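Trainee: So the protein lines, in turn, are chains X and V. Read in the working numbering, the first sequence has 274 at position 274, and its numbers run on one by one without any break. Read in the working numbering, the second sequence has 336 at position 336, and its numbers run on one by one without any break.
Hint data in this document are derived by calculation from the structure and do not stem from the laboratory. It is possible that some hints are incorrect.
Think about it this way: if two alpha-carbon atoms lie no more than 30 angstroms apart in a straight line, the pair counts; the simulated BS3-like pairs of lysine-lysine are [to be verified]:
{"no.": "1", "chain 1": "V", "residue 1": "138", "chain 2": "V", "residue 2": "157"}
{"no.": "2", "chain 1": "V", "residue 1": "157", "chain 2": "X", "residue 2": "160"}
{"no.": "3", "chain 1": "X", "residue 1": "126", "chain 2": "X", "residue 2": "256"}
{"no.": "4", "chain 1": "X", "residue 1": "283", "chain 2": "X", "residue 2": "202"}
{"no.": "5", "chain 1": "V", "residue 1": "526", "chain 2": "V", "residue 2": "545"}
{"no.": "6", "chain 1": "X", "residue 1": "113", "chain 2": "V", "residue 2": "784"}
{"no.": "7", "chain 1": "X", "residue 1": "126", "chain 2": "V", "residue 2": "735"}
{"no.": "8", "chain 1": "V", "residue 1": "577", "chain 2": "X", "residue 2": "126"}
{"no.": "9", "chain 1": "X", "residue 1": "87", "chain 2": "V", "residue 2": "784"}
{"no.": "10", "chain 1": "X", "residue 1": "160", "chain 2": "V", "residue 2": "784"}
{"no.": "11", "chain 1": "V", "residue 1": "577", "chain 2": "X", "residue 2": "71"}
{"no.": "12", "chain 1": "V", "residue 1": "400", "chain 2": "X", "residue 2": "256"}
{"no.": "13", "chain 1": "X", "residue 1": "126", "chain 2": "V", "residue 2": "741"}
{"no.": "14", "chain 1": "X", "residue 1": "299", "chain 2": "V", "residue 2": "727"}
Predicted model, so just to flag it, every value in this text is computed and none were measured.
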Amino acid sequence: MNLPKSNDNGEGLVFNIQRFSIHDGPGIRTTVFMKGCPLNCHWCSNPESQDFFPNLMVRDMNCRQCGACEKICPEGAITLTREAGRKIERGKCSQCLVCIDACIYNSLNVCGKYMTVGEVLDEVLKDRAFYRNSGGGMTISGGEALLQWEFVMRLLRAGKRQELHTALDTSGYATWQTVEKLLPFVDLILWDIKHLDSREHKKMTGVGNHMILENIQKASKTKTIWLRMPLIAGFNDSDTHLAKLIDLAKEAAVEKISLLPYHEGGKSKCEQLGRTYPFPAGKAPNDERIESIKGMIEKAGMRVSIGV
Amino acid sequence: MVQIAQELKNNIASKAVRNVQRGYTEDEKMRGLFRSEIKLDLQRSRLMTESFKQSDGEAVVVRRAKALAHVLEHMDIFIRDWERIVGYQTSSPEGLFHPIDMNWRSVKRLVNSEAGKTLLDDAGRQELEELCAYWKGKCMSDRHQELFEGDLAKYWKYEGTFLWTHLSELGIPDYEALFKSGLNGRIKMAAERLAEIEQTIPPDYVDQKEFLRSVIIVLKAVINFAGRYASLAKEMAASEQDEEKKRRLEDVARTCERVPANPPRTFLEAVQFFYFIHLVRYLEYSTLGIGIRLDYLFGPFYEKDLQAGRITRDEALEILQLLWAKFLELGLVYSPLVTSVYGGVASLQAITLGGTDRAGNDVTNELTYLALEAARTMRTIEPSIALRVHDHTPDELLSKATDVIRTGLGYPSLFNDGALIPLLKKWGVPEEEANGYAVSGCVYMEIPGKNITRRVDGYFVLAKCLWWALHRGVDPKTGEQWGAKTADPANFASWEDVFAAYLEQVRFFTTKMAQVENTCRDLYAKYCPRPFYSAIVDGCIEKGKECKQWIYPSMVHDMTIVIGSTNVADSLAAIKKVVFEDRLVSLPELIEIMDNNWEGREDIRQACLNAPKYGNDDDYVDLIARDVHHGTEATMETVKDRFGFSKRGDGSAVSATYGLAVNTPATPDGRLDGEPFADSTLAPQPGMDRKGPTAVLNSCAKIDTLQTYNHLLNQKFMPQFLEGQMKPVFIDYLKTWREMKIPHIQFNVVDKQTLEDAQDRPEAYQDLIVRVAGYSAYFVELSKGLQDHIIDRTEHRLA
Ligand code: SF4
Ligand code: SF4
Chain X
1 MNLPKSNDNG
11 EGLVFNIQRF
21 SIHDGPGIRT
31 TVFMKGCPLN
41 CHWCSNPESQ
51 DFFPNLMVRD
61 MNCRQCGACE
71 KICPEGAITL
81 TREAGRKIER
91 GKCSQCLVCI
101 DACIYNSLNV
111 CGKYMTVGEV
121 LDEVLKDRAF
131 YRNSGGGMTI
141 SGGEALLQWE
151 FVMRLLRAGK
161 RQELHTALDT
171 SGYATWQTVE
181 KLLPFVDLIL
191 WDIKHLDSRE
201 HKKMTGVGNH
211 MILENIQKAS
221 KTKTIWLRMP
231 LIAGFNDSDT
241 HLAKLIDLAK
251 EAAVEKISLL
261 PYHEGGKSKC
271 EQLGRTYPFP
281 AGKAPNDERI
291 ESIKGMIEKA
301 GMRVSIGV
Chain V
1 MVQIAQELKN
11 NIASKAVRNV
21 QRGYTEDEKM
31 RGLFRSEIKL
41 DLQRSRLMTE
51 SFKQSDGEAV
61 VVRRAKALAH
71 VLEHMDIFIR
81 DWERIVGYQT
91 SSPEGLFHPI
101 DMNWRSVKRL
111 VNSEAGKTLL
121 DDAGRQELEE
131 LCAYWKGKCM
141 SDRHQELFEG
151 DLAKYWKYEG
161 TFLWTHLSEL
171 GIPDYEALFK
181 SGLNGRIKMA
191 AERLAEIEQT
201 IPPDYVDQKE
211 FLRSVIIVLK
221 AVINFAGRYA
231 SLAKEMAASE
241 QDEEKKRRLE
251 DVARTCERVP
261 ANPPRTFLEA
271 VQFFYFIHLV
281 RYLEYSTLGI
291 GIRLDYLFGP
301 FYEKDLQAGR
311 ITRDEALEIL
321 QLLWAKFLEL
331 GLVYSPLVTS
341 VYGGVASLQA
351 ITLGGTDRAG
361 NDVTNELTYL
371 ALEAARTMRT
381 IEPSIALRVH
391 DHTPDELLSK
401 ATDVIRTGLG
411 YPSLFNDGAL
421 IPLLKKWGVP
431 EEEANGYAVS
441 GCVYMEIPGK
451 NITRRVDGYF
461 VLAKCLWWAL
471 HRGVDPKTGE
481 QWGAKTADPA
491 NFASWEDVFA
501 AYLEQVRFFT
511 TKMAQVENTC
521 RDLYAKYCPR
531 PFYSAIVDGC
541 IEKGKECKQW
551 IYPSMVHDMT
561 IVIGSTNVAD
571 SLAAIKKVVF
581 EDRLVSLPEL
591 IEIMDNNWEG
601 REDIRQACLN
611 APKYGNDDDY
621 VDLIARDVHH
631 GTEATMETVK
641 DRFGFSKRGD
651 GSAVSATYGL
661 AVNTPATPDG
671 RLDGEPFADS
681 TLAPQPGMDR
691 KGPTAVLNSC
701 AKIDTLQTYN
711 HLLNQKFMPQ
721 FLEGQMKPVF
731 IDYLKTWREM
741 KIPHIQFNVV
751 DKQTLEDAQD
761 RPEAYQDLIV
771 RVAGYSAYFV
781 ELSKGLQDHI
791 IDRTEHRLA
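Given these sequences and hints, build the entire structure.
Mentor: Following this line, the structure appears as structure tokens:
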């Protein structure tokens, strides 16, 4: 498979800039989603963020079966039949992306775009009036934003120069040397915790958590942190695990804990990417359990929010 | 209180009209225009006819005064079991008001059609027939028919570009002055004026004398009307066994003896005073709207009662709920054509809350909050609430307003003083008076108490003007030259050329509209004077002139509702991109493709659909939208009304963006033949805004209110964005809206039904953002399972 060349022009690979983002830090924000992630969480709700190259995304809903893509595909990966409609054989597809322009019905789209810091910032600054009134700003998320740390650092720095409130949404999976470089330009870190036991962590995300936990300890000395954790029944919702989470939160003096009950948001996107959804059995704890978890954390004296 | 609210609603027959003009399927026809229990009320028509037969030969103003007095004296009256505020527009609770003096033909057709057959029984149809025979040639619409010739007759009829209406005259009585003087004070004023002209003998002595005498006739009749309610209440109280009901009836009797003859002293008296005036205004003439500044007007009475220990908060709330019930009772018969713009409407009544006093100070008081509470508990389609927001509006009020919006009522809708007061000043309204503006229905701005009798003269389909510009004003089907003879599109070298031709069409049709409107007003001034309304606004008695003989000196009163501006902007952007930049087709080719409703050329339609669309904070098209709005208004302003004031546009949309779109063929924005337009002047085309609610506001803010008109903006939100931890963020969003000086915003809080519709028709809901745990997403992008989950949750939240 031909990977598109990584960018030499100092551009970053962004897969979405979401305005009116009101859950990635305080106030009304714009969240810049960086593409590429070293983790591979089964429940990922943004699977299109995982690869560090632009992906072909397919929305069958929009396809009018005009056949234009079939004609243009150099790999013969697309077939159009009356019975099955337009099918893409992902094994043959080289992600050359020429079919995207051929499709006028927006059924074939690219996910991921190389952008300069200036281009991203221009978009972010458009909502400045909303940030000012709501105490919002810019959040950089992913994928894993630290993967493109150099670009992200420049973007954060430029944001600070514009006096934006900046937040970094990260799993923290990078060397301390990398994390350290960004900290001067970050007002708030949204730290995504998956599991506090390294083996469990590795089972569901593909990597261990030592580096992550070390980084939290270090970063917490100077930075405001919110912990975020997807709440997945049978994986990280046990009392013992939550007790550990609370300990960590206290140790790192985090401002609040956000629990995001699992949902199958990644499923339709996996379909669009031509992948099978890796977590069909995923479940959120039931409402009662979520309430009791909330109570438990509050009792420990922590601020907690559910789904925000 | 909630229980009272529910009981009240169960007891009141809704007179909201159904939209049958569009999608007029067999099934909908069977459903009828009104609910089956609603009956056309003939009593007013009968009494008016009786009186008119007797007054033949007298001056029109006197005849109309006598007719109204006759109705008020003889109409059947009744007091219902729960009422503390009394007065009825019709002779029975299920009665539907019909202004036979305006129009009878469409109503006669209606009661003989499937859609309206339940409105009358056979005897009723027979009587209507007889009454119509008298009004033949005398009702206003017949007078048009008879008078209009040539172009006037031609452009008066609806063809698809503008719908002229004289359905209603809005305006807000001078309640502040009336509460000080009572109607007795006004009678005294008229008598003094009469005495004065005996001394001065002005050149229009006869007109003045006839008018002032009419004023006295109607005002006395209104006092007498209230007296009839007082007597009835007394009679009923005498035979009432239940102590509580007895007390209530005695209260009613006392109140009706006092008001509206004398100034009100208590909250209850003020409300009853107002309601008599409101009612008779509706009875004199087919009218819509309310427009009172409820908190500003009644707040001081309520606060005084509270201080004196005469009333509790709960009692005051009950009085407001009873008032809401009265509003709900009002209605009007509509013809099927008019339902295309008024689908779902009963009387288009709105009340105003908040804002500033004449000096510019905030007026929020206890009653502001109580009125929101009444709205929340009553959950009625009318009255809608217009909340005026300015720099000193308390956060608490924004917060309470958010709670009401969250329930999915669609109101309060928010009006931005920072944009609208400067606009009113530009229209010639002095600052003090502009500070006191109110909204009477939809986004109709009014200056309370001023002689502003006529508002909407029609609905103007701007998208159709663009269509004419692409056809040199010639209807390709008939070959008839209907619009202006603009240049041949084959010679257009840029989108600006198309725009210039569009503005020429706007000018052409505005001129036609003005001609129709100005002659109609002349006609109404002559044949349809309003002595009662004249008596209750500022200046008529003083001048000895009926309200149609002069006008409050401002362009605030003259408006034409403009529709489809977003489609014009998107179309011009598509022409710019597809024709002049990408050169996929030539302009004549595009027009041909479009005229075939894009058949066989879906590729071109998609290219047009993919061109930049207004509402995404993209200057490419937003600046075109700005030019469209600014240019349209500037062009309309060059045309003058009967009193020499400029015409102007208006953003009130009602349901016309949907109903009137039927008669506009495909447009270059990719819209199909007959497809609805964007639902308001500032709104993006549904499904075309993909950058969320901040981008929409940024797009709106590029249009300068001062160079345009008052606008309307609908935003769709899920209830979850307005509650819990997100509520403060929503309020910050509102504050940014205020700071950006966007004149208006209202929210459709998405309910289960909308979400289900979005599942069925994803293409129309591309912009619908929902909150899934932890993130927001476009609803149509989610898996079916997750969509279902959200639907369940939403239903749960709104319950
Ligand atoms: S070009 Fe687009 S619409 Fe046509 S068959 Fe391919 S995916 Fe479907
Ligand atoms: S990206 Fe599209 S055109 Fe390219 S190989 Fe894959 S399917 Fe074929």
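Trainee: For each hint, tell me whether it holds in the structure or not.
Mentor: To see whether the hints hold, each was checked on the structure:
1. V:138 / V:157: Given pair residue 138 of chain V, residue 157 of chain V holds - Cα atoms ~19 angstroms apart, limit 30 angstroms.
2. V:157 / X:160: Roughly 62 angstroms between the alpha carbons, so the hint for residue 157 of chain V and residue 160 of chain X is violated.
3. X:126 / X:256: Since the Cα atoms of residue 126 of chain X and residue 256 of chain X sit roughly 29 angstroms apart, the hinted pair holds (cutoff 30 angstroms).
4. X:283 / X:202: Measuring from Cα to Cα gives roughly 19 angstroms; hence the hint holds.
5. V:526 / V:545: It holds: about 13 angstroms lies between the C-alpha atoms, which stays within 30 angstroms.
6. X:113 / V:784: holds, 28 angstroms
7. X:126 / V:735: holds, 16 angstroms
8. V:577 / X:126: holds, 24 angstroms
9. X:87 / V:784: Measuring from Cα to Cα gives roughly 21 angstroms; hence the hint holds.
10. X:160 / V:784: Not satisfied, since the Cα-Cα distance of roughly 41 angstroms exceeds 30 angstroms.
11. V:577 / X:71: holds, 26 angstroms
12. V:400 / X:256: holds, 28 angstroms
13. X:126 / V:741: Judged against 30 angstroms, a Cα distance of about 16 angstroms means the pair holds.
14. X:299 / V:727: holds, 25 angstroms
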